[in-house]
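**Q** Sequences and hints are given; from them, build the entire structure.
So the protein sequences, as listed, match chains A and B. Take the first sequence: its letters are residues 1 to 429, numbered as in my numbering. Take the second sequence: its letters are residues 1 to 296, numbered as in my numbering.
For the record, the hints were derived by calculation from the structure and aren't laboratory data. Backbone N, C-alpha and C fix where the C-beta goes; we use that ideal spot for every residue, glycine too. There's no promise every hint is true.
[Said to hold, decoys possible] Residues of chain A placed beyond 12 Å of chain B at every Cβ, according to the derived structure:
#1 Gln171
#2 Pro259
#3 Leu317
#4 Ile320
#5 Ala327
#6 Leu335
#7 Ala387
[As the list claims (entries may be wrong)] Covered by chain B, according to a simulated footprint, are these stretches of chain A (three or more residues, beta-carbon under 8 Å):
#8 41-53
#9 141-152
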Amino acid sequence: MVLELHVWGPAFSLPSIEAQCLATIAYFSLAVPQDAWVLVASSDPSVSPTSELPALRNGSTWVSRFRNIVDYLRQYSNGEWDLDSGLNGSERADNIAFSSFVESRAHALVDLSLYVTSQNYYNTTSPAYGSILQWPNQWILPPKIHGAAKARTEHLGLSSLDLQAIEDQRQREHSAAVAAGQIPKNFIRRPRDTVSGLLGKKSQQNQFRLEAITDDLFEPLEEMLGEKMYLLTRDSAGPSSLDCLALGYLSLALVPDLPYAWLRDAMKSKAPRLTVYTERLRQQCFDAAVEVSHAVAPSANTTSSHLPWRAPEQARLTTIGSTLFNAFADSVPILKDVRAQDRLRVAAESSDSGLSQEDSKKLSTFAHTQKKDILVNIAYAAGGLAALVGYMAYEGFFSSEGFDDDELEDEPITEFEPETMQAQNFLFG
Amino acid sequence: MTPEGRDNSGQVPGSVNLSRARDYFAVPAPIKRIFDRFPLVTYPSNDLPLRGAPSRNGNRLFVFTNAADAKQNKPSFNPQCLKWQAYLRFVGIEFDIVSSNNHASPTGALPFLLPALPTSNSTPIPSTKLQKWAIEQVHCEEEQQLNLRFDVYASLLDHRIRNAWLYALYLDTENFTSVARRLYVDPSTSNSVVRAALASQLQQAAREELLKSTQYIDVSALEAEAGDAFEALSTLLGDDKYFFGRSKPGLFDASVFAYTHLILDEGMGWKQNRLADYLRKHKNLVQHRERLLKYF
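**A** Quick look at the structure:
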């Protein structure tokens, strides 16, 4: 059985646009013999029942996420396809800790660089998604991913990279100032900001902040790498899963040619050894320059590519229908919550989730009760609405024709009366 | 309801549809009349609660806890608060514990500290600046600078273990009713409607936090990652008494203790505690927690 690895498609001359996918591709190309797997740039999370990419398919079994795939490969091959088997105790601990470190810190930086920085997103990332996605996903997925990246990096307080957010903020201030009557409308006119302008002149604070968070990531990694060949091990022992993960994130920091390349500049100046390491590992794992055509029509380019690409299936009508339905359902207020609850149940009920029978039963009952809660909420809302309508009916808004109209017509008079009374009191009093 | 109105019925025929639309959005007359009378009376503002002011002369750390535990300076039940409570204790700063909640904090998050000195101008110190303040007070060392692994291993606590904790405390129904509801929701109000709303907000916030980085919440993966994290921490500690071979506990010990203590604490009343099963596999972490518990 050939293993199928489904990933987001190529971009920026890397084999995938997403870091976890890059890490998984690197792991496969280092650990798994080339005839045992194929790479499918399906670029659509709905191909997998877990609705996540990267996803590994072996017959009817689907496994997603880097860590789970690595574990699955170890079990599947009885420990043969395992890059971490040679690690000793402290290296194993470092492997776990640095993986968590890279995932948390580097993920935020890549998000900031590719998605939150408006110039980069609109000029580079968004078109890259456009070329790998099929209709209608190219209209649905990029805004979703963009929004998620913004939400993930909100706590860093660097929204000034996001021109959209600045514009919103200014609009608010503007209208507040106008409303307060402080400034005549015509006088408020400022030129459009660019990110470099903002970072260069206005908010040095932001530059300090970017300096600090890039330092936080690169310094420990650079020190850990030292003069070694790989992050954890020397040349003879070969790379570990940490190297794959680091390559996934660092290559997205280093390789893309962005209009505002602050992350690449920071990496080159702060971590020269890490830059060389990333470039070397990239040559080892990926092709030098991957084009979208390699992934979509691999037969024409078999000689030029050493990744085992297989063309993704064309989207079927049912897939498109379900995509459209999901996109619609996710933007309906109450339905959205119902679906959020379901995300937990999917995990528990899929047979390979690794939970014991009892646990998964508990989990799905939990998800069911949660769902009931929401239904109760809906019932409350409906009840409230019914009460309101009832009140309106009682008040006569809905009663039969002639009387109803008269009643409505008379409202202004009722409201007016107390005022005239007061005025009279005032005049005579 | 509107007797005056009915007396005049039928006198003003005309653009019926227009006025009907307008009247649906107008405030109904009886309600308007009630609200026209407000405010009826304006009371003078309340005095500050007495329990907040017993010892004005010491440093006061505001944490999630209950009044009885606060008097005895017992560990807080919130990991963030416990971390800083433990750290300040380890470096030897005297302070009192005050029971509080998020609304009291200038940053919206607990813990924060009101320093005793200078008395004239006591601005609250949020948790992000507590370490700097402590270093100024007692001239302890800034541990992040001493070892490159500090930040790296701290990410295990801030992400892997925290995510598993969020799930275990807020999204596991049994734990939520027996632990989180009792500790966070019930003390804040006695109104059952508000309690229900607060509880669902807490769960919603936890769920959103977990769904930020993934498409769905994979419980087994969360727990396995926390298990891995404990393994790495156990290897890092080794046979030492405290992390990084120090002679005295510091910030990293406090961060680890904040989770290990609460996971192993019998008084929390966990119903489901798979994290404790993972943690008990590592004897040195359990002993580390017992060693630090003596400070309280």
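**Q** Look at each hint and say if it fits the structure.
**A** Hints and how they fare:
Every CB of chain B lies more than 12 Å from the CB of A/Gln171, the least distance being 25 Å, so the non-interface label holds. Against chain B, the non-interface label of A/Pro259 holds: every CB pair exceeds 12 Å, the least being about 27 Å. At roughly 24 Å, the least C-beta separation between A/Leu317 and chain B is larger than 12 Å, which holds for a residue marked as non-interface. Listed as a non-interface residue, A/Ile320 keeps its Cβ farther than 12 Å from every Cβ of chain B; the least gap is roughly 20 Å.
For A/Ala327, the condition that its CB be more than 12 Å from all CB atoms of chain B holds, with the nearest at approximately 14 Å. In this structure A/Leu335 is separated from chain B by more than 12 Å, as the shortest Cβ-Cβ distance comes to about 16 Å. With a minimum CB-CB distance of about 14 Å to chain B, A/Ala387 clears the 12 Å threshold, and the non-interface call stands. Under a criterion of three residues with beta carbons nearer than 8 Å to beta carbons of chain B, the stated coverage of the region 41-53 of chain A is upheld, 4 such residues being counted.
Interface restraint, the region 141-152 of chain A with chain B: holds (3 residues with C-beta to C-beta distance below 8 Å; minimum three).
Consistency note: the structure conflicts with none of the earlier hints.
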